[in-house]
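Peer 1: Sequence:
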Amino acid sequence: MSFMLAACIYQQIACMRTFDCIERPLSRLFYRYGQYVAQHPLPFIAIPVLITALCSISLLHIHPVTDPVYLFTPRNAPSKYERQIIHNLWPLYYNNYIPGRAVTQSREVQVIVVSRDGGNILERPYSEAVRRLDFFIQNRVRLYYMGKTYRYHDLCLKWRNEGCPGNKHIHIVSDLYQHGINVTYPTVRFGSASGYIGGALGGVSLFREANGTTSLAGGLAWFMIYHLKFFPRNVSYISGLWEKKLQEALDSYPFDPSITFTYLHSQTLTEELKRNANSLIPRFVIAFSILVFFSLLCSLMFIDGTLYVDWVLSKPVLSLLGVINAGMGIVTGIGITNFCGVPYSDIVGVMPFLLVAVGTDNMFLMVAAVRHTNRAFPVQKRIGESMSDAAISILITSLTDAFSFGVGAITSIPAVQIFCIYTGVAITVTFIYQISFFCALLSLATEWEAAGLHCVWLQPTVPDTFIKSTPFKYRLFWMGSRADQDPKNLERNLKDTTAKTFFKEWLAKSNLQFKFAPVLMNPVVKILVVMWFFIYIGLSMYGCLHLREGLEPINLLVEDSYAIPHYRYLEKYFWNYGAPLQIVVNNAPDLRDRSERRRVQSMVHAFANTKYSIGDDSIQFWLKEMEIYYKKELEMNIVDSEIYGMAEHFFSAKAQDVWSEDVIWEINKQGLYSIRSFRFLVGMKHISKTYYQEEATKTFREVAERYSSYNVTTFSPLWLFTDQYAIVISNTIQNILIALVVMIIIAMLLIPQPLCSVWVAFSIASIDLGVIGFMTLWDVNLDAISMITIIMSIGFSVDYSAHITYGYVISAESTPEQRVKTALGALGWPVTQGAMSTILAVVVLADIPAYMIVTFFKTVSLSIVLGLLHGLVFLPVMLSWFVGGSCVLPSIDDKACFVSHINVVTSQTESHSSIFGNSRFNSSSLLGNDKTVNESVKNQSGEQNLHNASITGQPEDIREVTETVVQPYGPYGIYLSRNIPTRRSCPRQIKPSPDCISPLAKPSRKLTEANSNPF
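The sequence shown begins at 1 in UniProt numbering and counts up by one.
No incorrect hints appear here.
Once the Cα atoms are required to be at most 20 Å apart in a straight line, the calculated SDA-like pairs of lysine to any residue come out as:
no., residue 1, residue 2
1, K381, A451
2, K80, P68
3, K245, N234
4, K244, T149
5, K158, H171
6, K158, K654
7, K624, G100
8, K168, I181
9, K689, P553
These are computed hints drawn from the structure, not numbers from a lab. Just so it is clear, the structure is predicted and the values come from calculations on it, not from any experiment.
Working from the sequences, and respecting the hints, build out all of it.
Peer 2: Right under this line is the structure:
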């Protein structure tokens, strides 16, 4: 019998130690650390509070970055380079402003005027109303600042000596139309003079004249621009005040029966981002309160067999401080990151909802861990054991989350990068506070518990043994249990919280363990689950195939924003037809060469006749206008050798036209003036949707690449957003793949079954596929906001997957069905609790009328629900088919052998309780709670007594070295009781190992109560 005992122990130890090379040292470290914190709690409380107070000062100096172009355009976006090229070649001054050619929208006001009844806006009633509105804006809107009065004419950008460009073209076209003159479109031409109105008049209807030209039959909307000075800074500030004054004036503009209008100014998107952030503040208070209530509810304990609260074991104040601990981590994380110079964005405002949920879940783990220690043990020992248990789980959760956000920080979209940096730092700080500040508070609460003090008032309570003789009011508010000094009285000294007991004993055991798992393991149900999984994959892939990329400007707005109708009109009337595109030829060829001029004209024709171009009628090109000028007005042809001189003459003759601003001159190698660079414009069509905008961007850049010798640059303000559409998919795939590799490595290191890393990767990939697919079906685009949550879902999915997989592979059951039963029984409440705390934190965001915030809610909810579905349904079925257990005792005899060894442990042997995601395991849980085995062990009284006698008959030193301790095992909060000899005797016929000593050798030390640390 002793040989069987030794052999079975040796087999179990060798198997366990094969896979715990990282967890075991960490557990040992946290055990000692927990004891030290319990001995010196005050520094661990004071220092975090002081650091938080200092970091909170940094919050007063936060200056959010609110430029949407900077935040949501990739850092290396080609459009930024293209815009800078145009700005360098044609910098904007006070007197060279040309509407349609400016590449900046700083201090720009846009107004779209639409006929109220859908009538032709070129007709007199509507055109007069438009004229009145334009006059009102230019002359009636006045700003009084520092003793001066500012109107539009005092602040506008000007063209030469003609003053503010205004919107004269609108009135001219309307007058021509009303006088019966055919107006060509999109370019209005009078002799050799022309003007492009494709970007100003929208919703047009056309007719073709006899000579083939296209003329206006009517229009529905006018687009008016008022561009103000944006330099130097003091002038820009005044222009910004005038914009706000204009907004107030337009909001109070008298009702006009003929027209309605929308407007947008340069501060609109910035203000809407601030509104998004401001709407989060009251919701965070609500979420914080909900989590406090939830944690208080979960902290309550009741006197056995009654509904009276156990005011010694309950921890309401500690739970409140646990939620506050998460808040401290958030404040410190933001303060440190901001102090290090990382720019702050209002999008970081959704981070506290996530962090307070994660922090609350970690608090549950630590409180449950200390509750699963024996109350008869000293406080230092209890805290050491709880830290060796819970700190590993919290570390792994924080590590995976921090890694996932670290991966997100390498993306090129600043908004995503900023959010991931702030969140990653806050997660790290919250973990540090969890194992320092909250651990110290936990040690104090444990001391008060040991002294029988009230958990709120810290006064002695009435022992529960006097419950029958105690007045009712004392039973309600002052009743508290006491520990039994006998460590073997586990029923008295080891208790669960009320909420945990409900979920574990009733929901987990009655439903998840004894009902849910057997049904799930039924062959027919397994097939149904697989069918369900393939349906899930099919729906996910269907959603992915219909994926919509990009964060449109309209999605940055709150749903009741005044700018939403403006963007709708832009999409409907102007982006669909007429929006201008600038094309720059940086390396102009020698235009004296006729073949080069023909090639240039061929290039211009190619740009004007793509799928997304209006055609040759939309071309605005100085060379084309120069040829028309010489042919029609001067009746002469272009002379090749004199073309540069002829160009100078043309620009001088058309001094009031804009063409001279489209060329850059230089002195060539012969000392003559020549054109170094020039630009031209074409009109675009069919770009109202993000997909077409992305395709149009690719198309025009591809045309530019055909003429690489000219170094052609294309630019439209829309390009700044379409570049985000182009990289968001590649960035998301990159982040998922990198995070997948990192999580697989973590799983391989910490889960005692190498094959599990494959299923962890499978689960992560499946959850991310589902999040991307179902968010599309839920009207969410793949953009910077949803990318953040996809990154976050990687961390969440690995938590669920690792917990379930770990619980399955270390189960001592011999069949897959029994291992699934054990794992689900232990994990039902912890996984559900973590999901509930996160859902409770974000559910308050569901009805905020802002796309950014609702997107966060939707994608987080999908991540949690799909993670839960995989953890409780899909993954157990797959594991039961493809993965065997690890360290499993295969036979009843082996189980009996192991139980026999547990039964002979002397008084120094401690039954260390442990948790698996807040679930308690002991030796019976390791053996699968097999009643048959337990009964067979009890019936072996003869063998047991004989074995005890053989142990007792040994010399004292040998008897002590064969004693073992039951040590917690495993990260992720999974702790099974296992037998680890401190220095075990070598069984016969088994070759001694370095950890093993001869039965006759004298031990180097004795296992005493003072030196009973299993680590």
